[in-house]
Amino acid sequence: MLSSQIKSNEIDFGSCNKDLLEEIIFYGIGLGADFVEIFIENTDNSSVLAEEDFITSVSPSFGKGAGIRIFKGKKDGFVSTNDLTKHGLMRSVSQAIEMLDITDNKREVFSGLNKHRDYSLSKKKWINEVPSIHEISEKLLVSTKSLKRNNKIITRKGSYSRNLQEVIIASSDGTYVSDIRLHQTVGLNLIASDAQYRSSGSRRFGSSGMPNEFRLWDHEKAANDVFESSMNMLYADYVDAGQMPVVLANKFGGVIFHEACGHLLETTQIERGTTPFENKLNEKIAHESVTAIDEGISEGSFGSLSVDDEGMEPEKSVLIKDGILKKFISDRAGELRTGHKRTGSGRRQNYSFAAASRMRNTYIAKGEHSKEDLINSISDGLYCKSMGGGSVGATGQFNFAVEEGYLIKNGKLTSPVKGATLIGEAKEVMPKISMCGNDLELAPGFCGSISGSVNVTVGQPHIKVDSITVGGR
Amino acid sequence: MNSREITTQISKAADFLNLKKWDYGASFSNDYSVQVDKGEAKQLKASQKQILTLRVWNESNLVGITTTSDISVSGIKKALNQANIASDFGNKNEITEFSPLAKVPIEIKDAKKRNPVGIKKLLTILREAEIKLLESHESIKSVPYNGLSESFYERVYANSDGAFRSYTKSQAALYLYARAEERNKKPRSSGSVKLGYGVEDIDIESCIKDASNKTISHLNYSSIKTDKYLICFSPESFLTIINAFSSMFNARSILDGVSLSNKNSIGEKLSTEALNIYDDGLHEKNISSSPFDGEGTPTKRLCLIDKGRIKNFIHSESTARIFKTNPTGHAGLGSKVSVSPDWIVVEKSKENSDLKSSLEHSTYEGEFVYIEELNAIHAGVRASQGSFSLPFDGWLYKNGKKISIESATVAGDIKYLLKNIVNIESSQEVTTSGISPHIWVDELSITGDA
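So the sequence lines, in the order shown, correspond to chains A and B.
Using this note's numbering, the first residue of the first sequence is number 17, and each one after it goes up by one.
Using this note's numbering, the first residue of the second sequence is number 88, and each one after it goes up by one.
These aren't lab readings, by the way, just hints derived from the structure by calculation.
Using N, Cα and C, we set each Cβ at its ideal position, and we do this for glycine too.
Don't take every hint at face value.
Claimed, not checked - Label pairs and their computed distance ranges (CB to CB):
id	chain 1	residue 1	chain 2	residue 2	range
1	A	388	B	349	42 to 48 Å
2	A	137	B	208	34 to 40 Å
3	A	117	B	349	55 to 61 Å
4	B	160	A	135	28 to 34 Å
5	A	151	B	460	24 to 30 Å
6	A	42	B	200	34 to 40 Å
7	A	134	B	460	35 to 41 Å
8	A	448	B	443	53 to 59 Å
9	B	349	A	427	40 to 46 Å
10	A	289	B	211	21 to 27 Å
To be verified - Once the Cα atoms are required to be at most 27 Å apart in a straight line, the calculated DSSO-like pairs of lysine-lysine come out as:
id	chain 1	residue 1	chain 2	residue 2
11	A	296	B	273
12	A	343	B	273
13	A	343	B	129
Take these sequences, add in the hints, and give me the full structure.
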């Protein structure tokens with residue numbers, strides 16, 4: 017249940033906390049802070065794991081905590097605590113003030129909190145609408161059973177997790193917001209083995225704010241997909257390394273844009289001086305066929321939110337329009353330090369992280385080509401049907417593992433290949449995305465960065481990259 | 088509440104709920120960290136955290152678990168209740184018990200616990216370090232990733248059978264990651280991390296020097312031709328590979344079917360007789376050492392590879408029972424108890440006559456690739472399949488010259504790699520994740536741009 021114990025002088029998620037929050041903010045402003053932000057959360061999570069034909073793990077967890085952030089000029093102090101009493105929160109404010117070594121006599125004005133914006137009203141019933149552990153267990157077991165299709169399958173797993181997060185956000189600019197967030201994910205994976213050959217396959221699905229979504233999940237389709245993928249890859253040869261054109265599939269293929277370019281459009285990267293796009297606003301940074309969007313508003317998508325972790329409603333940000341850089345993804349600190357307006361992208365894993373500019377649902381917009389057009393245009397290349405994880409280094413170099421790949425010969429898909437890694441730099445690859453398909457689809461994922469792991473969606477239609485380094489054997 | 092009081096509260100609440108068997112692991116920490124940007128404080132952080140993981144056994148001896156940060160009387164009651172409900176779904180096929188070693192006496196040393204220096208001192212030290220690093224070379228334009236932190240924590244394990252273990256520690260960390268830029272060249276980055284029990288134990292000058300030298304050494308770079316090369320792994324990069332494929336020694340992974348090994352792999356020859364690998368969580372150089380694991384089992388030194396052959400697996404209580412051996416002190420408390428290595432120590436055994444001892448990274452004059460650091464491990468390692476394809480920082484040594492490699496990946500198979508070790512240098516180096524000498528491997532694939 018999302019109700020915390022009621023104590024005097026303690027944050028209570030079932031009541032109005034305005035007076036207490038104002039008192040704490042006044043306290044911080046009175047001590048010389050330019051800005052005070054309080055982020056309080058109460059969580060109720062659970063996860064279930066099915067292995068082979070048994071439930072092997074059920075893990076409920078709950079918790080509460082607060083993150084207090086104080087700005088003085090462009091620097092900030094952040095303190096997190098599990099103590100939600102008035103005393104505990106004020107002690108955290110004092111600690112943040114002390115860290116910042118505020119000594120001047122300048123005092124900002126705090127006129128009290130605005131009218132409460134309560135996004136949680138219609139969401140309080142969610143906790144009673146999500147599937148029970150019994151229901152989850154039964155469906156997961158049916159799913160893992162449906163992966164048992166031949167004697168080459170040696171490991172079958174199904175996993176589910178549900179995160180329910182209730183938040184209160186209040187700050188000295190008057191922001192006073194409450195919300196409830198619900199995220200559910202379900203995944204299937206298997207390992208196939210035959211003599212010295214091994215392959216694995218996995219798929220993950222996720223939603224936000226849709227308590228009924230797990231019940232609607234088509235586990236049979238998911239099982240077909242992951243089984244087919246692992247069987248195709250079981251006897252695959254290792255790919256030969258080299259430079260070649262590639263076609264990246266839709267859905268999770270969008271991880272390439274997320275990692276290679278999206279992170280470089282976050283204002284945290286400008287603050288660090290680690291993005292090559294810092295001074296490229298309104299300049300061409302990608303092929304004219306590329307339009308890229310980051311938004312937090314698609315209903316049910318894994319990266320959607322009613323309000324960000326700084327109390328701002330998310331906007332739809334067109335980052336790149338026809339190859340021209342139009343916008344950066346910005347949070348409060350990003351606006352303060354780089355001048356780029358906030359986009360409702362201040363996000364954090366939980367109360368123990370300060371919010372930072374983070375992607376939400378990020379995708380390349382659809383083009384006009386069919387998937388076949390893209391493949392037919394290549395005489396010798398690689399089709400990346402399923403992507404694994406990836407990362408981007410401090411100088412913009414990225415790499416992605418290809419989970420399921422096929423060689424393209426004379427415009428046709430041929431043999432499956434494994435062990436491929438795509439390597440490059442955003443600045444060099446973005447102009448080489450020359451064709452976009454008409455089949456945009458999104459896929460959920462988790463993004464780890466400065467403010468922890470957050471739920472995101474990546475996506476794209478099928479795209480063609482004219483040339484990229486493929487790592488192999 | 089302190090850890091003794093928490094144990095008492097759990098015991099009382101469990102009695103009230105008629106729960107006869109329970110255990111818990113808890114962690115309480117106070118952390119402080121600073122980041123700077125060109126001499127200015129950027130973000131200063133402090134956190135107070137508490138986490139309690141409770142397990143209960145129901146009347147059918149099935150285990151349920153709950154984790155919470157709410158360590159109040161009501162939080163503890165709620166956690167016990169939730170764990171009790173979860174126990175209805177306990178794993179009937181793999182019964183979990185208390186570790187038989189959870190009450191074995193162990194000597195817990197906390198002599199190396201330091202006192203906090205405070206945020207202001209952390210900030211002063213980091214500012215000075217950043218300035219020195221920026222001044223160390225004209226091409227170093229920024230230190231985009233930097234941080235100095237200190238952490239003070241207590242870990243506890245207790246159970247209804249009377250086991251109670253607790254230890255307190257402190258740890259500090261400094262990382263400096265510099266970015267160098269030169270005209271008409273790509274920016275290059277590298278860095279260094281140093282750990283200590285407290286800030287006063289960290290060799291700050293050495294961290295600055297390492298970060299500077301590493302970054303500068305990559306300024307002159309060139310692409311590398313895609314081919315197979317003789318490779319020299321730095322101690323850090325070899326430990327990265329071993330840790331990434333530690334499922335080979337992990338009994339939990341074996342039982343789950345995600346390891347390259349199986350129950351009968353003890354004695355299997357993986358490598359040259361010259362290779363010994365230990366897991367040694369209590370090693371004096373391991374700043375993060377813990378005297379006991381998540382189930383209260385004492386930590387100990389364990390031989391994983393002896394003269395090239397698998398000698399032991401790492402275990403939790405339940406995997407040890409299934410393998411008919413003792414727990415090894417590698418368990419992590421969870422609904423499904425995890426198993427993981429602590430601190431890997433790689434060394435040359437006395438059976439080393441088959442090694443090519445002329446391969447010494449500081450003197451060898453032939454062509455080879457030196458891998459300084461492997462990146463993106465989470466994306467490029469397929470532990471269950473044994474394959475890897477990883478970007479790296481390193482140099483090509485050729486014709487007596489050393490040039491940084493612009494952008495490349497190394498790919499292969501862990502069993503192939505271990506079988507193709509051609510030299511293990513004599514001198515070991517301490518890293519943040521273990522100890523290893525330089526390791527030479529023949530014929531690994533490198534993909535470059537050329």
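Now for the hints, and whether the structure bears them out:
1. For residue 388 (chain A) and residue 349 (chain B), the Cβ-Cβ distance of about 44 Å falls inside the hinted range of 42 to 48 Å, so the restraint holds.
2. Between residue 137 (chain A) and residue 208 (chain B) the CB atoms are about 47 Å apart, so this pair departs from the stated range of 34 to 40 Å.
3. As the Cβ distance of residue 117 (chain A) to residue 349 (chain B) is approximately 59 Å, the hint placing it in 55 to 61 Å holds.
4. At roughly 32 Å, the beta-carbon separation of residue 160 (chain B) and residue 135 (chain A) lies within the given 28 to 34 Å, and the hint holds.
5. A hinted range of 24 to 30 Å is violated for the C-beta pair residue 151 (chain A) and residue 460 (chain B), which are about 47 Å apart.
6. Checked against the given bound of 34 to 40 Å, the beta carbons of residue 42 (chain A) and residue 200 (chain B), roughly 38 Å apart, stay inside it.
7. A C-beta distance of roughly 49 Å is found between residue 134 (chain A) and residue 460 (chain B), which places it outside the suggested range of 35 to 41 Å.
8. Here the CB-CB span from residue 448 (chain A) to residue 443 (chain B) is close to 43 Å, at odds with the stated 53 to 59 Å.
9. Range check, residue 349 (chain B) to residue 427 (chain A): Cβ separation about 44 Å, and the 40 to 46 Å hint holds.
10. Separation of residue 289 (chain A) from residue 211 (chain B) is about 23 Å and conforms to the stated range, judged on CB atoms against 21 to 27 Å.
11. Distance check on the hinted pair: residue 296 (chain A) and residue 273 (chain B) sit about 17 Å apart at the alpha-carbon level, within 27 Å; holds.
12. Our distance criterion of 27 Å between C-alpha atoms is met by residue 343 (chain A) and residue 273 (chain B), whose separation comes to about 24 Å.
13. In summary, the hint linking residue 343 (chain A) to residue 129 (chain B) is supported, as the alpha carbons are separated by about 24 Å, within the 27 Å threshold.
In the structure shown, a violation is registered for the earlier hints numbered 2, 5, 7, 8, in ascending order.
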